[in-house]
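Those sequence lines, one after another, are chains A and B. With my numbering applied, the first sequence covers 9 to 255. With my numbering applied, the second sequence covers 6 to 106.
Hints may contain errors.
[Said to hold, decoys possible] Now the stretches of chain A that chain B is said to cover, found in silico as 3 or more residues with beta-carbon under 8 angstroms:
(1) 89 to 101
(2) 112 to 126
(3) 148 to 159
Hints in this document: simulated from the structure, not taken from any laboratory. Even glycine gets a Cβ: it sits at the ideal position worked out from N, Cα and C.
Listed here are the chains, written in short residue letters.
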Amino acid sequence: MLDEQLLPPPAPPDEEITRERLLAGVRAGLPFAVAGGLLAVSFGVVAKDAGLSQVAAIVMSAVVFAGSAQFAAIAILSQGGAVGAAIVAAALMNSRFLAMSIALAPSTRGRPLWRAVQGQPIVDASWALAARPDGTFDRAMLFGATAPQYLAWVAGTVVGALGGGVLAHPERYGLDAIYPAFFLALLLAELRNGRARGVAAAGAVIALALVPFAPAGVPILAASAAALVGLTRAARAETAAALERTR
Amino acid sequence: MSTTLVLIAGCAVVTAAIKGSGPLALGGRDLPVAFRSVIALLPAALFAALVVTQALAGGHDLTVGAETAGVAVGGVVFWRTGSVLGCVVAAAALTALLRAL
Chain A
9 MLDEQLLPPP APPDEEITRE RLLAGVRAGL PFAVAGGLLA VSFGVVAKDA GLSQVAAIVM
69 SAVVFAGSAQ FAAIAILSQG GAVGAAIVAA ALMNSRFLAM SIALAPSTRG RPLWRAVQGQ
129 PIVDASWALA ARPDGTFDRA MLFGATAPQY LAWVAGTVVG ALGGGVLAHP ERYGLDAIYP
189 AFFLALLLAE LRNGRARGVA AAGAVIALAL VPFAPAGVPI LAASAAALVG LTRAARAETA
249 AALERTR
Chain B
6 MSTTLVLIAG CAVVTAAIKG SGPLALGGRD LPVAFRSVIA LLPAALFAAL VVTQALAGGH
66 DLTVGAETAG VAVGGVVFWR TGSVLGCVVA AAALTALLRA L
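Based on the provided sequences and hints, a complete structural model is requested.
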């Protein structure tokens with residue numbers, strides 16, 4: 009631990025969240041909001057098919073706001089599973105947000121509870137947009153990019169829940185391809201160098217190897233182990249260089 | 006109705022707890038370069054896992070279907086154009102087309 013690269017760098021200046029930077033986040037989040045809105049339409053349809061009332065489906069999107077977890081919970085329910093099992097499925101599906109919230113932690117400001125509140129806007133796209141190469145996060149980008157995604161998620165659910173038979177079979181319109189395509193776009197934007205590509209390949213292999221045995225969501229969290237490649241000397245040197253550039 | 010309430014409240018609470026736990030437990034500490042270095046590679050690992058599990062896995066089985074081809078074409082569209090919307094629309098459109106055939 010005497011390696012100088014392991015010593016914590018000085019704290020970065022407390023960055024201000026300006027209106028301009030929030031708006032830049034909103035703009036960056038818009039395409040993801042539209043894609044998420046389409047997904048939310050199919051969630052509204054699926055939730056209704058699983059026996060939720062229209063209001064319940066909409067409220068669920070408004071207070072849970074976690075697409076893959078909502079789909080997972082509803083799938084358990086529609087297969088006749090217990091509510092407890094559905095909640096556990098949602099928690100496992102969301103377990104990747106644990107890794108994301110740990111990553112975000114040092115970039116939050118204020119008292120502990122207020123910091124926990126700042127973790128709430130974490131959704132996949134905003135978290136990726138806010139991530140900087142030095143391992144810190146742009147909070148204005150996170151908050152700004154999540155705002156339109158939240159609105160679109162709720163609005164899309166309203167459309168799906170209230171919409172009639174036109175939308176009865178979301179898979180007929182290929183809507184189930186939206187999620188993986190959405191994540192693929194996020195992934196491709198991350199593959200800056202050979203190391204990131206190697207980590208992605210390793211993450212994919214870990215996840216696929218676990219799919220046959222582990223409950224849904226766990227393979228994704230387990231794949232985060234591939235990022236431990238960041239502990240190598242070369243990767244640390246690169247991060248230290250990125251840190252130097254940003255201050 | 007109470008079942009639905011428990012479901013929604015339960016999902017909301019676990020989601021908020023998971024998203025808040027990192028900042029609550031670790032916030033305020035300036036973390037070492039090694040930690041930051043791992044974090045910088047985390048998106049590649051997580052999103053790769055999400056793509057393959059969503060595009061290839063149906064439950065506990067690995068399957069290749071219309072959506073696999075759709076997602077692959079969506080990826081090409083994003084790679085060529087950088088458009089997220091183009092990517093998801095192409096993926097959905099091709100998937101729908103293949104299923105209609």
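Here is how each hint holds up against the structure:
Only residues whose beta carbon comes within less than 8 angstroms of a beta carbon in chain B count, and the segment 89 to 101 of chain A has 6; three or more means the coverage holds. Requiring three or more residues with a Cβ within less than 8 angstroms of a Cβ of chain B, the coverage given for the segment 112 to 126 of chain A holds, as 10 such residues are present. As drawn, the segment 148 to 159 of chain A meets chain B at 0 residues by the rule of a beta-carbon pair under 8 angstroms; below three, the given contact is violated.
Of the numbered hints given earlier, the model fails hint 3 alone.
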